[in-house]
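All chains, please: the whole structure from these sequences, using the hints.
There are 2 protein chains.
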Amino acid sequence: MAVNYKKELESASKTMILVHEPDTLIRMVVRMIVQKVGVRHAGILLHHKERDSYILTVSRGAPGLKIPKGFARMDADNALIRFFREHLDKRLFNDGALVYGEGKKLLKSNKITAKQKQLLKNALYQMEIFDALVCIPSYFGSDLLGLLLLGEKKNAKKFGRDEIDFFSALASDVAMAIRNARLFKELEAELEKKRRLFIQTTIALAAAIDAKDHYTHGHTSRVTALSLEIALRLNEGNKEVFNAKFMEDLHIAGLLHDIGKIGVPESILNKDGPLNEEERRRMEEHPLVGVTILDPIKELEESIQGVKCHHERYDGSGYPEGLKGEDIPLIAAIISVADAFDAMITDRPYRKGLSRKEAIEEIKRVSGKQFDARIAGVLVKLYDEEKI
Amino acid sequence: MAVNYKKELESASKTMILVHEPDTLIRMVVRMIVQKVGVRHAGILLHHKERDSYILTVSRGAPGLKIPKGFARMDADNALIRFFREHLDKRLFNDGALVYGEGKKLLKSNKITAKQKQLLKNALYQMEIFDALVCIPSYFGSDLLGLLLLGEKKNAKKFGRDEIDFFSALASDVAMAIRNARLFKELEAELEKKRRLFIQTTIALAAAIDAKDHYTHGHTSRVTALSLEIALRLNEGNKEVFNAKFMEDLHIAGLLHDIGKIGVPESILNKDGPLNEEERRRMEEHPLVGVTILDPIKELEESIQGVKCHHERYDGSGYPEGLKGEDIPLIAAIISVADAFDAMITDRPYRKGLSRKEAIEEIKRVSGKQFDARIAGVLVKLYDEEKI
Numbered sequence: 001m002a003v004n005y006k007k008e009l010e011s012a013s014k015t016m017i018l019v020h021e022p023d024t025l026i027r028m029v030v031r032m033i034v035q036k037v038g039v040r041h042a043g044i045l046l047h048h049k050e051r052d053s054y055i056l057t058v059s060r061g062a063p064g065l066k067i068p069k070g071f072a073r074m075d076a077d078n079a080l081i082r083f084f085r086e087h088l089d090k091r092l093f094n095d096g097a098l099v100y101g102e103g104k105k106l107l108k109s110n111k112i113t114a115k116q117k118q119l120l121k122n123a124l125y126q127m128e129i130f131d132a133l134v135c136i137p138s139y140f141g142s143d144l145l146g147l148l149l150l151g152e153k154k155n156a157k158k159f160g161r162d163e164i165d166f167f168s169a170l171a172s173d174v175a176m177a178i179r180n181a182r183l184f185k186e187l188e189a190e191l192e193k194k195r196r197l198f199i200q201t202t203i204a205l206a207a208a209i210d211a212k213d214h215y216t217h218g219h220t221s222r223v224t225a226l227s228l229e230i231a232l233r234l235n236e237g238n239k240e241v242f243n244a245k246f247m248e249d250l251h252i253a254g255l256l257h258d259i260g261k262i263g264v265p266e267s268i269l270n271k272d273g274p275l276n277e278e279e280r281r282r283m284e285e286h287p288l289v290g291v292t293i294l295d296p297i298k299e300l301e302e303s304i305q306g307v308k309c310h311h312e313r314y315d316g317s318g319y320p321e322g323l324k325g326e327d328i329p330l331i332a333a334i335i336s337v338a339d340a341f342d343a344m345i346t347d348r349p350y351r352k353g354l355s356r357k358e359a360i361e362e363i364k365r366v367s368g369k370q371f372d373a374r375i376a377g378v379l380v381k382l383y384d385e386e387k388i
Numbered sequence: 001m002a003v004n005y006k007k008e009l010e011s012a013s014k015t016m017i018l019v020h021e022p023d024t025l026i027r028m029v030v031r032m033i034v035q036k037v038g039v040r041h042a043g044i045l046l047h048h049k050e051r052d053s054y055i056l057t058v059s060r061g062a063p064g065l066k067i068p069k070g071f072a073r074m075d076a077d078n079a080l081i082r083f084f085r086e087h088l089d090k091r092l093f094n095d096g097a098l099v100y101g102e103g104k105k106l107l108k109s110n111k112i113t114a115k116q117k118q119l120l121k122n123a124l125y126q127m128e129i130f131d132a133l134v135c136i137p138s139y140f141g142s143d144l145l146g147l148l149l150l151g152e153k154k155n156a157k158k159f160g161r162d163e164i165d166f167f168s169a170l171a172s173d174v175a176m177a178i179r180n181a182r183l184f185k186e187l188e189a190e191l192e193k194k195r196r197l198f199i200q201t202t203i204a205l206a207a208a209i210d211a212k213d214h215y216t217h218g219h220t221s222r223v224t225a226l227s228l229e230i231a232l233r234l235n236e237g238n239k240e241v242f243n244a245k246f247m248e249d250l251h252i253a254g255l256l257h258d259i260g261k262i263g264v265p266e267s268i269l270n271k272d273g274p275l276n277e278e279e280r281r282r283m284e285e286h287p288l289v290g291v292t293i294l295d296p297i298k299e300l301e302e303s304i305q306g307v308k309c310h311h312e313r314y315d316g317s318g319y320p321e322g323l324k325g326e327d328i329p330l331i332a333a334i335i336s337v338a339d340a341f342d343a344m345i346t347d348r349p350y351r352k353g354l355s356r357k358e359a360i361e362e363i364k365r366v367s368g369k370q371f372d373a374r375i376a377g378v379l380v381k382l383y384d385e386e387k388i
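These protein sequences, in sequence, are chains A and W. Per my numbering, the first sequence starts with residue 1, numbered consecutively. Per my numbering, the second sequence starts with residue 1, numbered consecutively.
No wet-lab data here; the hints were simulated from the structure. Incorrect hints may appear among the rest.
Identical copies carry no separate label here, and so any pair may be met within one copy or between two of them.
[Said to hold, decoys possible] Subject to a maximum C-alpha distance of 20 Å in a straight line, what follows is the list of computed PhoX-like cross-link-like pairs (lysine-lysine):
1) K117 to K104
2) K245 to K194
3) K298 to K194
4) K157 to K36
5) K364 to K387
6) K111 to K381
7) K245 to K193
8) K121 to K111
9) K193 to K369
10) K158 to K36
11) K381 to K324
12) K153 to K115
So this is what it looks like as structure tokens:
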């Protein structure tokens, strides 16, 4: 025999554990069977829990030879399903596989009861409808997870004992691998859900806090979006620095950069004119108040740098620490440019906002002094390309 | 031979995929080898990425016969490690396994170069030190994940070809299973991290908002803790309702129940006396403002019910909707009791807070009117037991 089933099975099993996408896995297995064993057509029915029926998930073979088109599922009362769910003595069936020819023989024997014969007969009839010569169940514990249906071999020969053994072992491995893959998928979905929940809640709370500051409505979300846009563009040159983690940290930092304003009295936040010395001092406390609020959260370490330093200036004239140049965390330097640009183009009661063009001119003017020239340059580029 | 290795391997592989705890997995495998194959001792060395060395993870056998105690790891320059990392032609070594006796023979042959002989000689010397007769590598791709070291068989017989085959297949399965288990563990850790991040950020932002309301400092965290305490007690009777999901929803709802207060002007929140009609109206908007803030977050659906309805009263006299009895979501009914109790015992500038005892008397008095009697009863019980 040309195929070494033991080797095939070993290598298939190993590959399977590493595939965490159930659909891909099932396709892979059916493709392998059709190719290696050379059957004319094959299909896999998988259990659909909610409906308690078995759905045709993959069907392969030459056109017209596949499991018939109209056939898409078997309900729990289908004879073939009942046959495998009621677990007729496995020893009669090559470890559980039902081979059409052997089933026919068994009908004529006295090894099973009349009632069992009736069920077997109906099960075989189902196989005829689907033009299947072998039907291999796949169990997890005592649950029937699925059925593998195989048509005639291309060389029209009978299926050998080693082939049936191979299918049974394979079906069992597939069941495990599918369960494994499903667990992975569930975990991944759960993770994505939690990630979304975290971001959305942060967005909602940041927006609520933002709304306290009547004059800058929507400021937080605009600064966040612009910061991410700038980083994406910087990213083109350096994918190592601007990895997914950096982008997520920046996202959070953008959302929370003004969180400390919750500590500034409304009378100052919403004052109808320029701030006096004392009011300005209170206002300039907001980065450090933000740090105090977020400090207990270890995972936000990087984002907190953005919150703390988004009013630092490249030439060292900013606050709270008067950091200079490269000492200013990149995440903060990006937010700083986005924040200043958005503030410039926003109207205040005591002054009208600049036009975008004017703001860009101003950004250019202080680039290298207030801002990191490379980041300011990206903002200017985005404007020139009409991206902002 | 008493052991059917094919069956053992199949069943071991299947069990392995389902074990998502790498340490358990490795222990399981070594236990199986010692028992089924009857070796005197066995050990597994696993690769430690950061250190690039191989650490003895499990060692089994009769006392004094285990892999010697002092031996704990092999660095990358150890001859045995180099031997398996440099991949001497596998065909010479039973699919990669190194059997001491066969290695000795190979040294005398002319199948390998002088340089290879030197390495092999040093590798065999390492095996002598560790009293190992067989050494089986476990690869993932071309990375050496680990080594299985086996001592003499209990019956002192030579290892057979079928046994070596079995170990090799097993080692390879173990490598896959370990990788699978590690991926699972990483994913689970990631999920737990995200969960914590979400909760902690919500706590931080809720506390910051809470701090705006000068008179109720710490109210949010106290109400949350008390609500969870009440639910845990209610839980004793009905684990189906009070499952992990409910507790998490309640946790979030507790943290966010007053989030809508961010929409109430500071002048009302911090007013130094009772509120007038208009101020009260503004204040009573806070549950619906909270709903508006959180509404976009689908996953918070249940928690939002707690935010919305925590001022509803059992007799229908509450707000915003005047819901009655069982129409009030359980999550809100619990927060309502905890919230009222904490408000009663907190000082306000225009009135001193009640003592705990007085507050409990008041809760009893309005139980069944303002509060669901079952929930109020639990609070009273917690007080009686000096738990609060």
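Outcome of the hint check:
1. K117 to K104: Within one copy, since 10 Å is at most 20 Å while 62 Å is not.
2. K245 to K194: both (16 Å within a copy, 13 Å between copies)
3. K298 to K194: Classified as both; 17 Å inside a copy, 12 Å across copies.
4. K157 to K36: Within one copy only: 15 Å inside a chain, 40 Å across chains, cut-off 20 Å.
5. K364 to K387: Answer is within; shortest intra-copy Cα gap is 17 Å, inter-copy 63 Å.
6. K111 to K381: neither (83 Å within a copy, 66 Å between copies)
7. K245 to K193: both (17 Å within a copy, 14 Å between copies)
8. K121 to K111: Answer is within: at 14 Å inside a copy they meet the 20 Å cutoff, but 62 Å across does not.
9. K193 to K369: neither (42 Å within a copy, 39 Å between copies)
10. K158 to K36: Cα proximity of K158 and K36: one copy only (15 Å, versus 37 Å across).
11. K381 to K324: neither (24 Å within a copy, 60 Å between copies)
12. K153 to K115: neither (32 Å within a copy, 52 Å between copies)
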